[in-house]
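J.: Two independent chains are provided; combine them into the complex using the hints.
Sequence lines, in order, name chains A and B.
If you number the first sequence the way my numbering does, the last residue is 103 and the count never jumps.
If you number the second sequence the way my numbering does, the last residue is 224 and the count never jumps.
Since the hints were derived computationally from the structure, they do not count as laboratory data.
Wrong hints could be hidden among the right ones.
Facing chain B, from chain A, some residues (calculated, C-beta under 7 Å) [said to hold, decoys possible]:
no., residue
1, ILE16
2, ALA29
3, SER61
Covered stretches of chain A (in silico footprint by chain B; criterion: 3 or more residues with CB under 8 Å from a CB of chain B, positions within the stretch not fixed) [claimed, not checked]:
no., stretch
4, 1 to 9
5, 43 to 52
6, 87 to 94
Please read all numbers here as calculations on a predicted model, not as lab measurements.
Note that the Cβ used here is the ideal one computed from N, Cα and C, for glycine as well.
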Amino acid sequence: MNLKLISIVLGMAAATYITRIGSQVLFASAGMPAWMERWLKHVPTAFLTALIVPSLLMPEGRLDISLGNNYLLAGAAAAFIAYKTRNVLITILIGMTVIIVLNRFMPF
Amino acid sequence: MKHVNLTGGLPKPNAGVWKEAVKDCLPITTGIIPFGLTCGIMGRTAGFSIFEITFMSMTVFAGASQFIAIAMIGSGITGWWTVVFTTFMVNLRHLLMGASLSPYLLKLSKPLQYLLAFGIVDEGYALTMDRIERKGYDPNYQLGISALIYIVWVISTFLGAYFYNVIPNPLEWGIDFALPATFLVLLIPRLADRTSIIIFLVSALSAVLGALYLPGKWYIILAATVAAIVGGFIEGGSKDES
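Isolated chain B (complex conformation) (with noise of 0.2 Å):
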């Protein structure tokens, strides 16, 4: 092992660090939460029953692919090996999120990076690399993000499921907005030096390609990794290493 472990887990938890992570957390919860009283809704009318959908909130953890796999299995597509295939295929991006923690997760205790890694979502993602950017790396406050998106996201599956014939679908009303609109917040501060611009562009042009010619979620893998490589290369020709 080349990693030394010295704190042989999660260091100390300070007070602070859980009370930054909820702040943190709050407004994006209003974001997760119409996703997850959406879920229960459609998995309820595909079929699933309360616990069904609870209980693939809280197992899968990953709302697109639960969407995709609810409207498939409404659809009659019931066949174990598609379901599962297609829900590992919409979350191979997790791949990309999961290396890019590697640097500061292989620092960590075994049990502790399984954890951790099982709370790895697009939301939690990005509030940890910003955090990083900002303070540097701390194990309580991405676990307390998971945390947090993770008991949003099983509670409002739940309400969703129990409510489904009283609420309408919140989606309708224009909510799903909220979550582009935090990773506006956490983007546009990054768009501050000219390497940072081109791969946005790069990106952005990528993205709205692979959306349109691609199945499922792969716009977003081949988004990220085609920039991610074209800032590589920006960087190692410019040879200013920091």
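The shape of chain A in the complex, shown without the other chains (with noise of 0.2 Å):
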């Protein structure tokens, strides 16, 4: 066992820890201030919206809006699906189903 390595993971884990309780040790006490309250209630659709556009847009680190860009092209089906069936599994099984087509036969 590399006790170098372990530590580093320790480290790791408390930084983590911090970040996770950190809010709760800051409100404990004095509550959450109001205006705070009505600015939070929209960080899940910013939140939500900053992990999958990115995801979607530049799949390799740089900007790729265009055909060849698969990632794009199942991300616009999976949403269209999403949008109508409102269903996490058929999504997910049609989006996968788009991009591994796409990576497995088309030529770009």
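T.: What follows is the structure in structure tokens.
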């Protein structure tokens, strides 16, 4: 067992836990200010968008808005299915099928 | 203490909530397993033992930061502070998630708060907020979701590490598309009014700009902060407080 690696991992675990418990510790005694609650209401929408959009528009790390971007095409298909069905499993299955077919069979 | 805790902690779990958590979690695990396998594979490639990399998934439980740390260590950057501080920065977005869950978490007992905080991850947060919107907050639900994601994450890391020279890298199949697809199903029902669509556009633009010009996961923090503030101003201006 490599003690240096283990000590790095433990440090990472502590640092990560601080980011997770930080807000509770900060707001525990004073409570959360009302204006902040109003802003935080929108965090989920903004956050989901921030997770999705770059992964579809820049799968290789650079902006790629073209028909050659399989993630964008599969993302458009998945967004449509998600809108129609609101069903996670169907959306994943169709989206994955689209991306695997595109990755395998499209020549660009 | 302002919040009075009537139950002393976890409300009595009922089988319905657990079933619901399992049902909501299963599709999302399709997105988590390939990342866990890849984490195990990358860890072994970078020189971790099976135990060491599984131990990392058990104690850190934060995919993106683990990948970055593994890549750093694999390329010879092994300074304790460098890796730990990078991890901290990559995971700062948890502060936002924790803050947005705070109104619910702060009503729970301290031990339960500390336990639920450990389980805050992107996927679990998204599911918990979705549940709040539909049916309200239930700590049993959040606990169930977090526990399942945790178990799947740890086991798939272990399997990836164990079979690392047998299985090909699952992210190369395009299977990493499962997570954005899942998030789309959670996002689209939220885009029902003008404010939400503006938030979507602002967040999308800031995220892309941030991803182009900022290091690591900072784009998520930037986009979520900017878009939430814009949303707050729009609502404050239209003065129909609900």
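J.: All hints are to be evaluated individually against the structure, with a verdict given for each.
T.: Outcome of the hint check:
1. Annotation: ILE16(A) was flagged as interfacial toward chain B, and the flag holds, the nearest CB pair being 4 Å apart, inside 7 Å.
2. Evaluation of the ALA29(A) hint against chain B yields a violated restraint, the C-beta minimum of about 10 Å exceeding 7 Å.
3. The beta carbon of SER61(A) comes no nearer than 15 Å to any beta carbon in chain B, farther than 7 Å, and the hint placing it at the interface is violated.
4. Evaluation of the coverage hint for the stretch 1 to 9 of chain A: fulfilled, as 9 residues show C-beta separations to chain B shorter than 8 Å, against a requirement of three.
5. Counting residues of the stretch 43 to 52 of chain A whose beta carbon lies closer than 8 Å to any beta carbon of chain B gives 10, which reaches the threshold of three, so the coverage claim holds.
6. Figure legend: the stretch 87 to 94 of chain A, annotated as covered by chain B; annotation consistent (4 residues with Cβ-Cβ distances under 8 Å, at least 3 required).
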